[in-house]
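Enquirer: Residues per chain are reported as follows:
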Amino acid sequence: MRRIIKDKDVELIMGDLLRLGVIMSSIIVFIGGIIYLINHGGEQPDYKTFHGMLLPFHSLPEIFRGILEFRGRALIQAGVLLLIATPIARVVFSIYAFAREGDRLYVFLTSLVLGIIILSMMSGIGA
Amino acid sequence: MTILVFTLIILAGSLLAGFLGSMTGLGGGIVIIPMLSLMFGIDIRYAIGTSIVAVIATSSGAAVAYVKEGITNIRLGMFLEIATTTGAVVGALVAVIAPTHLIAVVFGGILMFSAVISFMPQKVAVQPRAESGKRQKWAEALKLNGSYPDARGNRVDYKVRNVAGGFVMMWIAGILSGLLGIGSGALKVLAMDNFMKVPFKVSTTTSNFMIGVTAATSAVVYFQRGYIDPGLSFPVTLGVLGGAFLGSKLLSRSKTEKLRIVFAVVIAILAIEMIYNGLTHRI
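For the protein sequence lines, the chains are A and B, in the order given. Under the numbering used here, the residue at position 3 of the first sequence is numbered 3, and the numbers go up by one with no gaps. Position in the second sequence (from 1) plus 127 gives the number in the numbering used here.
Careful, some of the hints might be misleading.
What the hints assert, rightly or not - If you anchor each label on the Cβ, the simulated ranges turn out as follows:
| hint | chain 1 | residue 1 | chain 2 | residue 2 | range |
| --- | --- | --- | --- | --- | --- |
| 1 | B | M166 | A | M24 | 43 to 53 Å |
| 2 | A | G52 | B | M166 | 19 to 29 Å |
| 3 | A | E101 | B | I396 | 25 to 35 Å |
| 4 | B | M247 | A | L112 | 46 to 56 Å |
Stated by the list, open to error - Per the computed footprint, the stretches of chain B lying under chain A, defined by three or more beta-carbons under 8 Å from a beta-carbon of chain A, are:
| hint | stretch |
| --- | --- |
| 5 | 172-183 |
| 6 | 209-220 |
| 7 | 307-313 |
| 8 | 360-372 |
Source of the hints: derived by calculation from the structure; they are not laboratory data. Even glycine gets a Cβ: it sits at the ideal position worked out from N, Cα and C.
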């Protein structure tokens with residue numbers, strides 16, 4: 001019974017974490033979107049051909065610079081990155097929660113999941 | 128059409144997609160890709176990148192509600208995540224090199240599969256399943272068995288079966304998720320519910336938990352390849368989130384049987400259109 005109660009606590013913290021991630025990123029995306037529409041709302045959309053990395057704001061330094069210049073699309077990308085980070089944060093937090101429970105097997109298994117995610121982050125290098 | 132009008136139309140479409148997706152339990156991602164590529168002629172790579180972000184948004188949004196109920200089996204989810212994330216990396220890397228018309232055909236096939244699944248009657252009742260001998264060795268070693276509160280608040284214990292088979296199915300679900308930018312929720316629930324004999328309610332919430340992590344894994348690949356465009360993620364993410372929120376407030380899922388069938392027919396039509404466009408190299 002004790003383990004169930006502990007699990008419940010951990011899940012409640014996870015719930016707050018998720019809510020915070022979703023709300024924060026929505027706000028950032030919204031603000032960025034408004035700025036984007038004010039600056040570019042009158043232009044023509046161009047999505048028929050794929051430009052890949054030729055367009056701005058796909059790397060962290062570019063996004064960071066864009067935010068400092070208050071660029072709408074940079075802000076949207078930052079919000080999107082925060083959204084992507086939310087489930088990853090849940091994995092990181094789970095490692096801590098399993099460690100606190102003394103469940104070494106799941107500390108290992110969860111770290112493995114995190115390792116795979118980090119590996120997929122590395123896949124962009126040299127792209 | 129200016130960017131302003133374009134953004135507003137996509138926002139409205141995403142709102143509807145998120146609303147229907149949450150009410151029918153099919154998720155919002157599944158109609159985002161056909162909407163963007165068939166209706167607006169957007170390159171399918173942009174559609175996939177946008178969809179994966181919407182999938183993360185809805186999964187995280189729904190998880191907030193599920194966490195409170197305390198029925199998600201975190202250990203089961205985390206163990207199966209090893210399969211789905213590995214699959215997602217493979218899928219996303221294949222997506223980068225695969226020709227787009229092939230992706231469109233595979234996507235059409237998955238749409239058709241989801242439509243067929245929606246026609247099948249939804250399970251509501253959950254009952255503990257019969258135990259059987261040696262298959263549960265893995266479940267016990269990995270501490271996958273769990274319990275969940277029933278309507279009266281009593282805890283019902285359940286045992287997980289077919290761990291290896293479920294693991295393989297999750298790997299496939301992960302590949303599809305990475306390849307097509309979808310959550311693969313229907314396949315995940317099918318694997319857990321029908322294959323591993325996990326109670327339906329636990330399957331759906333655990334699947335939702337897994338969808339976020341799997342989608343985030345593919346999203347980091349897509350982001351670094353330029354699939355995720357801010358001009359599209361802006362209306363789609365906010366629209367789908369808003370729609371899902373409205374859907375969760377308005378109706379309980381049990382009353383939506385008719386809506387589910389209508390939605391399934393729409394998805395089937397989109398599936399045919401997707402396959403046709405893929406085969407004729409229009410996508």
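Enquirer: Now, for every hint given, state plainly whether the structure supports it.
Expert: Status of each hint after checking the structure:
no., hint, verdict
1, B:M166 / A:M24: 43 to 53 Å, "violated (31 Å)"
2, A:G52 / B:M166: 19 to 29 Å, "holds (23 Å)"
3, A:E101 / B:I396: 25 to 35 Å, "violated (49 Å)"
4, B:M247 / A:L112: 46 to 56 Å, "violated (34 Å)"
5, 172-183, "holds (count 4)"
6, 209-220, "holds (count 7)"
7, 307-313, "violated (count 0)"
8, 360-372, "holds (count 6)"
When the structure is compared with the earlier hints, violations turn up for hints 1, 3, 4 and 7 and for no others.
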